[in-house]
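J.: Once you've looked at the hints, dock chains B, S, G and Y with the ligands against the given chain H.
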Amino acid sequence: ADEIVIAGSLPLTGMFGFAGVGVEAGIQDYVKMINEEGGIAGRQLRFVYEDTAYKVDASVAAFNKLNSQEEIHFYYGDSTGFAKTINPELNRMGSILMAGTSYASELNDPATYPFQFMAGPDYTEMTGILLEYIAKEKPGAKIVLVNSDTEFGRDPIAGTKARAQELGLEIVEEIITPPTAVDVSTEVLKLRRARPDYAIFHGYLLAPIPEFMSQAKQLGLDTKFMGTFWSMDPGSWAKVGDVANGYMGVMPYRYADDEADDAPMLDRIRQMRPDYRSTPYMQGFLTAMLFSEAAKRTLEAGKELNGENLKAALNTIKDFDTGGIIGKPITISGNSIPVGRIYTYNAATQKMDPASDWISLQE
Amino acid sequence: MLIGTAKHSYRADEALLTTSPQRLWMAILLIALALAPLALDNYWLYLACLVSINVASATGLNILTGFTGLVSIGQAAFMAVGAYTVAVLEARTGLPFLVNLVVGGAVAACVGLVVGLPSLRVKGLYLAIATIAASFILHFVFVNWQSVTNGNSGINVTPASLFGVELTDYVHLYYVFVPITALMVLGAANLFRTRIGRAFIAIRDRDISAEVLGISLLRYKLLSFAVSSFYAGVAGGMWAYFFRVVTPESFPFIYSIFFLAAIIVGGMGTILGGVVGAVFMTLVPELLRFAVEWLTTIFPNAVTALSPIRTIVFGALIIGFLIAEPKGLAEIIQRIRRFFHLWPFRK
Amino acid sequence: MAVDTILDINNIEVVYNKTIQVLRGLSLAVERGKIVTLLGSNGAGKSTTLKAVSNLLTLENGAVTAGSIRFDGGDTARLAPHALVRRGLFHVMEGRRIFEDLTVEENLTAATFALSGRGVKPKGFDLVYQYFPRLHERRNGLAGYLSGGEQQMLAIGRALIAQPSLILLDEPSLGLSPLLVEEIFTIIASINRDLGVSMLLVEQNASIAFAVAHYGYIMEHGKIVLDGPTERLTADEDVREFYLGMSGGENHKSYREIKHYKRRKRWLS
Amino acid sequence: MSDLLFFTEVTLAGLGAGALLSLTALAFVLIYKATRVINLAVGEIVMLGAYLFFAFAAGLGLPAWVAIVLSIAGGGLVGAILERGLIRPMLGENPISVFMVTIGIGSVVVGLVELLWGTEPRALPAFLGNQPIFLGEAYVSRKIAIAFLVSAVVIAGFVLLFRFWRGGVALRATASDQAAAYSCGINVPGVFSVAWIIGCATAAGAGILLGSIGGISPAMGVFGLSALVVVIVGGLDSIAGALIGGLLIGVFEAWAGTYLGGEYKIVTTFGILIAMLMIRPYGLFGTTEIERL
Amino acid sequence: MSAPVSLKPHRGAATQAEAARKGAPSGAAASLEVEGVSLSFGGVKALRDVSFSVAPGSITALIGPNGAGKTSMFNCISGFYKPQQGTIRYNGEDITRMHPPHRARIGFARTFQNIALFRGMTVLDNIKLGRHAHLKTNILDAFAYWGRAAREEMELRRDVEERIIDFLEINHIRNMPVAALSYGLQKRVELARALAMHPRILLLDEPVAGMNREETEDMARFILDVKEEWGTTILMVEHDMGMVMDISDHVVVLNFGEVIASGLPHEVQGNAQVAEAYLGAGEPAAIKEKIHKRASVA
Ligand SMILES: Nc1ncnc2c1ncn2[C@@H]1O[C@H](COP(=O)(O)OP(=O)(O)OP(=O)(O)O)[C@@H](O)[C@H]1O
Ligand SMILES: Nc1ncnc2c1ncn2[C@@H]1O[C@H](COP(=O)(O)OP(=O)(O)OP(=O)(O)O)[C@@H](O)[C@H]1O
Ligand SMILES: [Mg+2]
Ligand SMILES: [Mg+2]
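Top to bottom, those sequences are chains H, B, S, G and Y.
Heads up: the first sequence at position 238 corresponds to 384 in the working numbering, and the numbers run straight through without jumps.
Heads up: the second sequence at position 245 corresponds to 246 in the working numbering, and the numbers run straight through without jumps.
Heads up: the third sequence at position 206 corresponds to 609 in the working numbering, and the numbers run straight through without jumps.
Heads up: the fourth sequence at position 90 corresponds to 120 in the working numbering, and the numbers run straight through without jumps.
Heads up: the fifth sequence at position 236 corresponds to 242 in the working numbering, and the numbers run straight through without jumps.
Chain H with its partners taken away, still in its complex shape (with noise of 0.2 Å):
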């Protein structure tokens, strides 16, 4: 009864398949190496979850069976619609804090989300990242946006268009892609014609992405391909082969292999987990390591763990040191964590170089 439980729907099956399980594997070795470290003001983590194969009615499902069974105190959600449809529920419950695998500029609503946060930034702010980075490589350069047609997809696109314009990029064309779409043929004609120095690619995982980047070079664009998060995973690009080369993307934590100096979790990680660890790996750390936090300034100050307490805890931390997870420290004043870094991937090494240095719109 003295524990700290985290329990999660998560996506292990369906088309998000791949985060839920890296993202399962995050928070199972965080509760490890917390609970061997004598765990939160010595009460142990235990973290329980259920697959929910990225439907929300089996996320609620998994929410409400486990919330029969535990004492819930963090929950990691797995999709923006169930963040949207447990809301009420969190709301009227009061006594857990939540955060996802969404990181939907929706969400980023301290108002009407109180207890719920995501770990990085919201989409809009991923975008704004990319911006901000073209910004200042190519003052005034034209930009195609790439979107799936999905809640997912289009979340940032009134968001980007209104910080582009800020930054003096123009926006030369907006494209939508169906979500079931396979050839992207007609799209790229669309992007040839506009011939943009940057294409930003948001609500997709991997596809189009690597046809829209072959076919553009065998037209002989120069354009230069972007994405965010979902799509940065060096892992599944190396399988693309060459035309994957020059991607580049916005990326909230640092790839698991980076050896910077200042990043001693890294390290940790890398020792309990010698073989390869996906970026929703990282975020799943992440994510445990701020539930923790929250938890432990919580006990700290002597109050008792319910949502209110818990977010309040969450919003005091400033200028965290992350372990190098991030390679900055952050501050979460509101819902999100707007920092990030721009990568660009490197066939030949199948990894992801740094682009940039860490780029926060906290400032």
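Incorrect hints may have been included.
With a straight-line cut-off of 30 Å between C-alpha atoms, the simulated DSSO-like cross-links for lysine-lysine are [said to hold, decoys possible]:
#1 B:124 - Y:51
#2 B:124 - Y:296
#3 Y:142 - S:437
#4 Y:142 - B:124
Per label pair, the in silico range of CB-to-CB distance [said to hold, decoys possible]:
#5 H:239 - B:180: 38 to 46 Å
#6 B:335 - H:256: 53 to 61 Å
#7 B:335 - H:418: 52 to 60 Å
#8 H:239 - B:26: 17 to 25 Å
#9 H:467 - B:164: 50 to 58 Å
#10 G:119 - S:413: 29 to 37 Å
#11 B:20 - S:483: 42 to 50 Å
#12 B:335 - S:466: 56 to 64 Å
#13 G:119 - B:26: 28 to 36 Å
#14 Y:181 - S:407: 43 to 51 Å
#15 S:428 - B:22: 35 to 43 Å
#16 G:191 - B:27: 57 to 65 Å
#17 B:24 - H:239: 56 to 64 Å
FYI, nobody ran anything at the bench for these hints, they're computed from the structure.
The beta carbon of each residue, even a glycine, is placed where N, CA and C say it ideally should be.
T.: Same frame as chain H, but now just chains B, S, G and Y with the ligands:
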């Protein structure tokens, strides 16, 4: 006059429950439903509410597909119409929630009428595909009709309230949803005791000869669509009050397939089939959850390793059922009933 | 039996859906080169008998649970329906069963599969068109739009294509005009005569059946109740009353004589 | 770049994408033609074909053409097993039930693929080459051009086969009335097997092309749904319909996607579908159901 | 008894009194006139300028070779086909373009050449269905099954039981699914369903096809009883000449979509053209002879 073995009037012979054991079982079932919340925890109450929503919608689909023979793979889209209607009404008017539910059903029924139009020209799987088309077009409307649906972000629904009580607890919702669903199921059962129900079945069995018997195909096919969508709309309305947020992705295409699977596994063309099918299909994935959990005690990593197996088991169940008992669960129940009909006097 | 029987049904029982027993120990035989007719009231199990022979029962959830059927000396139990057809046993099913959305000619083409692996030469469709000129007129039209009678012609036409040694005919006169009934039965008789094809003929129109058949069986409730050469059957009093509609003497009974009671058939008692 | 050239390029791209739809639609048609079953698992067989190719080419490192042959054969084998094990026992049941069984099959296949290869999207080894193709001035993606050629050849082959081969009649006869087909000496189970084997092999082949263009993932089966629309527009039992329907939908989607925006693609497709159902209920070339009293 | 036979159009009133006396459920027998009806399908001319009339309270037989257009004629009368030319009048009223459901309400009922029962329903439900057009239950009544719906269903049940099921002697099968019945019984249920419609004119398409002599006799008796007890007008297509000649009052012969003869049964039977196109030899003995002659020639 004496008809059959023990019935002494036409009225008795036409009753829904014709034997006293049947009446006894029904009474037991109703009492059990009334007392269930005393024994169930929040998770099971949640599932009970979900089951009741799904039963309402599946019964509607059964009227259309099982009884009228018009295959629809758009039931979830009709639910979405009901859910959006309720969400909009709840946000913009102060109408009581029961009224909202009925209006939700009515709006869904109207949409159903339109979607049903192709049924006058096409049949069978062609029609099924038309309903798929309708559901994708509706999805497009939900995403793009910003001013009403609020686009991708959807609409948050304030809790329903009855006699001043906010219906947020699953117990409260249970006591509202289960009676509504029970009434809807009863209504459907009644429907098939009258000329309208018989007309539906006639259309299923052979529509052109039905027409010559004086059944207007135009009217009854559309009526069937409307009734079915009304059920879906009310179920969708309950869904909206249950989950309290409605987005375009709340009612995915797979949810429509779920309903079709439910009535097929349960038994098409019997009221009982729609009900048990929905119960079964809603609970199976949850029971699998427990199976996997139990396996975790033996293989610690079972959840990750065995998760795809849930997808497989789900498919395998549909296949297995259809091959072993194409008439569905209802038929199995009937068989058990026949077996125990004279029990314990005879086997 | 010293005679050459092409079909020998021995004491078979047939059950539908594992529950409904339809045939109860039925036996009959068809001598090679002969036409044998099987009569009986509706639901007696005539069609079931034919389906048992051609092994089409399984498609309707029926099964032969006892007894044996031998065609051309071999047991039929293990043969798939199409294999039986390719050995020369053709079943013209009740209710025509033509392929509605194929043309007339394609329907005939479909029947040529019966010749596969039998080493016989296809004869073309001329013979069929010769017997049924009406089919020739409509050979490129969809069979589903043929009138009832035309469809029956097509069904028999298909049997001709298959060059079988035994044809099972299920109510070929159903729905045909009197003239056509005569014609079709003439053709049936001539096929039997010219080509030596044996036939097992199920009919409701007893008088015409007796006109072409050499031997007859009468069945009720899944059993044979009476059999004999056609001459003997035509003389039987019950057969005359219940199947030929003759009262007492030679005269046909009029349908206007309203019948208020039914005389029990002797074979039922 | 001139608008006309752009239009031409878009149209060509639409034709190419349409050809892929046609090929997948062909798998539906072949199976439907003989068995009156709409096999909703076609999408998943497409996916399985792509994964088989992935396993042979990337996993075992076999040369591309060997991997292609093996994957297509593998698709056929899966078809044979499914037909024998799951579809044949359903002979004579309500078509909707059989339809549902194929949905169940789809779910099982997805689960198996996830179990064997995991859930993350992957890319297939490139084997179609990269040289762009120009028709005059108009650019055509090489993969799309190849997909177009392959689909066209395969479909033309089937059209010819059905015109001049009596087996086509056997297929349709079986579909129309199984008992009667039996009684004509047609090997009904054989026809069923052949239809499923060829249908699934075609789907697997389509999967290889599709995967090499768009990458593979267990979710790629949804492509089957678009192909289903094509089949309905073309006529469920018409091979030529699959071809024309596919090209039509491909081109219209390309135009809608280009001139209206990507979000209009699906509505356009389904709009065409509904319009078609109202004008020609049985598709462009589908057989009208005969109804007489 | 013999009903009036005439080629002239009737106005229906003649037998109304008689019908009322017998307790005909929905008014009097009706007359039917077909005038100059033509129908073609693409190239196939199914009916060409067909005219005939059916006297109230009579049994009229429509005979002719296969494909002559008899069923097509029925389909025109019951509204399933729309003739390209001509008019069909019912008690003097032009109903050529009337919708089938409406026709059912004014007193048309029919049976089908290929039995068209609803296989998923019991016998009782099939029969009840016949009454559909005369009932008034609406969807709200139906859901509640209260008041009107319940009352109407009870009346219907009583009527079906006492008037039809008893009459056609199908008590024992009332709760069986029709799919399990033998052919002959199915035909009888079809007749029952048509009778439940309270028809004033009954169209029977080959009512005794596929029946043996004994069953044909039963059916003939039912048809005569329907006419005599309720005064229903009957139009029948049938190939069983024995029965047609015995029970019908008037016979119309179609060939290739054209009326080639009409009149009293024996007149038609004696018509050489009819004999050649349709009847053939007729007598079993003669048939036998013909068969043997043809067979040996071939
Ligand atoms: N598929 C089936 N399932 C269940 N019962 C059946 C089936 N087919 C036939 N029967 C039953 O078997 C019995 C015999 O049917 P069968 O068709 O052999 O009769 P029949 O002698 O050919 O009659 P008819 O003269 O009407 O054609 C009937 O009582 C019928 O109800
Ligand atoms: N829907 C249709 N489409 C095309 N042709 C048709 C259609 N209905 C009937 N026909 C044709 O019209 C002609 C008359 O058919 P009908 O069914 O009326 O004949 P019938 O006199 O009833 O014959 P039978 O005694 O054999 O039943 C036939 O040649 C038939 O092929
Ligand atoms: Mg029979
Ligand atoms: Mg006819």
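J.: Against this structure, judge whether each hint is valid.
T.: Here is how each hint holds up against the structure:
At roughly 29 Å between alpha-carbon atoms, residue 124 of chain B and residue 51 of chain Y fall within 30 Å of each other, so this suggested pair holds. A threshold of 30 Å between alpha carbons decides the hint, and for residue 124 of chain B with residue 296 of chain Y the separation of about 49 Å lies outside it, so the pair is violated. At roughly 60 Å between alpha-carbon atoms, residue 142 of chain Y and residue 437 of chain S are farther apart than 30 Å, so this suggested pair is violated. Taken as a hint, the residue 142 of chain Y and residue 124 of chain B pair is honoured in the structure, with Cα atoms around 28 Å apart against an allowance of 30 Å.
Between residue 239 of chain H and residue 180 of chain B the Cβ separation comes to about 26 Å, which falls outside the hinted range of 38 to 46 Å. Roughly 57 Å separates the CB atoms of residue 335 of chain B and residue 256 of chain H, a value that falls within the hinted 53 to 61 Å. For residue 335 of chain B and residue 418 of chain H, the Cβ-Cβ distance of about 58 Å falls inside the hinted range of 52 to 60 Å, so the restraint holds. Evaluation of the 17 to 25 Å hint for residue 239 of chain H and residue 26 of chain B yields a failure: the beta carbon distance comes to about 38 Å.
For residue 467 of chain H and residue 164 of chain B, the hinted distance range of 50 to 58 Å is satisfied, since their beta carbons lie about 55 Å from each other. Roughly 31 Å separates the CB atoms of residue 119 of chain G and residue 413 of chain S, a value that falls within the hinted 29 to 37 Å. Between residue 20 of chain B and residue 483 of chain S the CB atoms are about 46 Å apart, so this pair conforms to the stated range of 42 to 50 Å. A hinted range of 56 to 64 Å is violated for the C-beta pair residue 335 of chain B and residue 466 of chain S, which are about 23 Å apart.
In this structure the supplied range 28 to 36 Å holds for residue 119 of chain G paired with residue 26 of chain B, their Cβ-Cβ distance being about 33 Å. Taken as a hint, the range 43 to 51 Å holds for the pair residue 181 of chain Y and residue 407 of chain S, whose Cβ atoms sit roughly 50 Å apart. About 39 Å separates the C-beta atoms of residue 428 of chain S and residue 22 of chain B, a value consistent with the hinted range of 35 to 43 Å. Roughly 59 Å separates the CB atoms of residue 191 of chain G and residue 27 of chain B, a value that falls within the hinted 57 to 65 Å.
Checked against the hint of 56 to 64 Å, the C-beta distance between residue 24 of chain B and residue 239 of chain H comes to roughly 42 Å, which is inconsistent with it.
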